[in-house]
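S.K.: Protein chains in written order, with the working numbering: chain A, 2 to 403; chain B, 2 to 403.
I should point out that these hints are in silico values taken from the structure, not numbers from a laboratory.
Keep in mind that the hints are not guaranteed to be accurate.
Identical copies look the same in the list; a pair holds intra-copy or inter-copy alike.
Within a straight-line C-alpha distance of at most 27 angstroms, the following computed DSSO-like cross-link-like pairs (lysine-lysine) qualify [claimed, not checked]:
id, residue 1, residue 2
1, K377, K357
2, K396, K368
3, K28, K362
4, K368, K33
5, K270, K396
6, K209, K16
7, K16, K29
8, K270, K362
9, K29, K396
10, K288, K203
11, K396, K357
12, K33, K288
13, K288, K357
14, K288, K377
15, K209, K270
16, K29, K357
17, K362, K29
18, K357, K28
19, K288, K28
2 protein chains.
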Amino acid sequence: MGYTENGTNNYELPKGFQVSTVEAAIKKPGRKDLAVIFSTVPASCAGVFTTNIVKAAPVVLDIERVKTGRGQAIVVNSGNANACTGERGMEDSRALSRAASGVLNIDDSLVYVCSTGVIGAPLPIDRMLPKVREACENIGKSTLLDAARAIMTTDTFPKVVSTTINLPGFTGRLCAIAKGAGMICPNMATLLSFVLTDLSVKPAALQKALQDASQVTFNRVTVDGDMSTNDTLLVLANGTAANLPIEEGTPEYDAFASTLRETLLTLAKMIAKDGEGATKMVTIAVKGANSTEEAIRAARSVANSPLVKTAIYGNDANWGRIMASLGYSGIVFDPYMVDISFGGVLAVENGLSAGKDAESKAELGGKDVTITIDLKTGNARAQVYTCDLTQEYIKINAEYRT
Amino acid sequence: MGYTENGTNNYELPKGFQVSTVEAAIKKPGRKDLAVIFSTVPASCAGVFTTNIVKAAPVVLDIERVKTGRGQAIVVNSGNANACTGERGMEDSRALSRAASGVLNIDDSLVYVCSTGVIGAPLPIDRMLPKVREACENIGKSTLLDAARAIMTTDTFPKVVSTTINLPGFTGRLCAIAKGAGMICPNMATLLSFVLTDLSVKPAALQKALQDASQVTFNRVTVDGDMSTNDTLLVLANGTAANLPIEEGTPEYDAFASTLRETLLTLAKMIAKDGEGATKMVTIAVKGANSTEEAIRAARSVANSPLVKTAIYGNDANWGRIMASLGYSGIVFDPYMVDISFGGVLAVENGLSAGKDAESKAELGGKDVTITIDLKTGNARAQVYTCDLTQEYIKINAEYRT
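Take the sequences, apply the hints, and build the full model.
M.R.: Right under this line is the structure:
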């Protein structure tokens with residue numbers, strides 16, 4: 002799999018996909034902030050979306066369109082979320098779609114529109130429409146990495162994963178991009194992320210694989226506990242690899258679903274690592290829970306605690322704050338059964354200090370920290386991915402609109 | 002009512018109460034960190050406590066003792082929470098109680114023990130026991146303000162309220178102290194706070210008045226969403242005013258309950274104002290909700306959003322973040338019915354910007370900010386008290402144990 006951080010990977014698009022990016026100066030000039038992703042043939046399409054009751058206009062549009070299970074293009078912009086913009090927002094999203102479908106000469110219902118950025122301001126639609134047309138006219142002239150850059154807001158690095166899927170007689174290709182950074186606490190979906198594959202996958206199988214994968218990947222990320230109005234995860238499978246359409250309950254499905262899950266997990270960890278102001282990627286691993294739901298609930302409570310996150314920032318193995326956040330998570334357990342480890346150091350044994358403060362502190366010094374909590378009430382486990390909470394998070398978000 | 006911030010008030014104790022403070026060097030030397038509060042006669046006692054499943058040893062002890070409805074002394078220390086300390090922690094709390102009851106010559110079951118500070122380290126009990134005895138021998142030589150100072154951790158000012166209650170033929174006196182600052186998101190109780198009155202109140206009436214008052218005061222405060230292991234609110238009513246014992250359903254009860262509520266509200270607002278690193282006290286007022294529970298839930302969701310709190314710090318009337326946090330609060334509403342005001346400025350009307358960014362920003366410039374949200378789905382309302390989220394919060398909590 003390719004990571005963008007080292008900058009050495011080549012992100013070859015799956016067959017039949019094309020990308021274009023353009024500067025529409027949506028928030029301010031100086032960067033490409035609008036991307037079009039296009040499949041030369043209509044593709045199977047699946048999506049999961051924010052469960053926030055306040056949904057951005059493009060999310061409302063895409064939720065309606067994904068019911069067909071078909072898609073061919075994605076128009077996405079950063080700099081403005083087109084959320085809380087009323088009927089005007091809906092009209093703007095439809096106008097972006099029509100501008101793209103007109104130039105690309107495809108059915109308008111096959112276009113998905115996504116926006117990310119500031120909430121509550123109308124899109125600069127007059128500036129954007131000619132730019133969407135320009136992008137579509139130049140389709141194929143940009144790379145996936147360009148698109149990953151165009152959708153960034155406060156992200157510090159573009160997020161791209163590229164991999165292959167080997168099926169009997171076929172090698173499929175799967176690429177995905179995402180943006181994250183802040184307002185990250187997805188539920189049933191997340192952020193903006195687009196997955197492209199040249200495999201043929203039946204829409205129902207595609208939707209199921211996507212939902213299952215997002216549950217254990219993006220839905221396990223939290224940066225700040227704030228769920229966005231714009232979370233959208235779309236996958237397009239255009240079938241240009243010419244395999245027989247993948248259906249559920251087959252070895253091909255399992256191979257595809259597994260690769261999709263790995264891809265989303267890689268992106269999810271990138272998003273945690275690139276949380277606003279973060280200096281560390283943190284995995285909260287809970288085991289010994291009564292159920293997966295309880296394990297997730299406990300891990301989320303720890304991962305969202307500002308006191309735990311600031312302690313990690315300060316390299317302080319302050320396990321008392323972890324115990325406190327477990328204690329208000331809503332699950333039932335015996336505090337004097339709990340073990341807590343920082344990396345490989347067992348710092349808390351049966352709820353009491355094991356006297357390993359210095360060793361635990363050393364474990365927190367790295368860029369990738371795992372805190373393991375054993376509740377010893379059952380056999381279920383879950384991991385949640387987060388980051389530390391730093392002064393830089395405050396700085397970014399106190400100044401975001403200014 | 003007296004506030005400590007201007008430093009001009011005189012905190013005369015209710016009749017029959019005495020205070021003593023002493024330096025026990027619990028976390029470090031250099032300040033008085035242990036207080037004893039004493040009633041010369043046994044008093045009615047009521048208490049509410051943290052609902053965190055991880056309860057500190059003194060909380061476990063006090064929950065058991067308050068069932069009697071009687072109390073005469075409170076031993077309280079800062080610098081160490083005596084939480085997650087196992088059987089040793091319980092023994093230490095009992096030893097502190099016995100040290101006090103022995104010198105004060107009262108029944109040991111009438112002593113309440115409270116601790117606040119770092120979680121997970123045992124108390125320096127050998128250093129503390131002689132200091133508790135010393136404090137009890139010097140009972141009456143310190144003031145209530147001294148006690149308020151002794152229980153501070155990261156608080157920047159002591160919190161004292163002093164008031165009178167006029168009943169037919171009697172004037173009672175009521176004083177209260179509290180500490181707050183961090184790990185503040187109480188449920189059914191909060192922080193450390195002690196209320197002393199010379200009125201006679203029957204234990205059942207005292208408990209009801211306390212529970213009712215804490216629901217609409219301390220339980221509406223959140224600094225960081227982290228619920229403590231040590232929240233304890235105790236009231237002692239020693240009856241030295243010689244009134245007939247107050248019972249529920251009387252005008253005297255209503256007068257007492259109302260004063261208690263006002264007192265706790267004043268302390269709750271002080272705690273929000275003195276939230277760790279805070280530069281502003283923020284009131285989130287939700288109206289037009291279907292029920293009080295929904296109003297509280299919506300207000301809490303806004304008050305706990307790191308993105309809302311950092312925007313307020315940055316004087317950014319970023320109402321989109323408020324809409325997003327309402328949207329994931331779990332209550333059902335129509336985003337395009339919602340009005341949002343910053344102070345007196347209606348910034349959002351029916352879910353859309355009213356074009357008042359500059360005026361809204363000006364409202365956020367003060368030290369006391371009220372954000373009013375009208376959901377227009379019903380007639381219920383509630384207020385939650387919080388503060389902004391600043392770099393200083395991170396600094397305090399990244400360095401707290403070091």
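S.K.: Which earlier hints turn out false for this structure, listed by number in ascending order?
M.R.: As far as the earlier hints go, 4, 7, 10, 12, 19 are violated by this structure, in ascending order.
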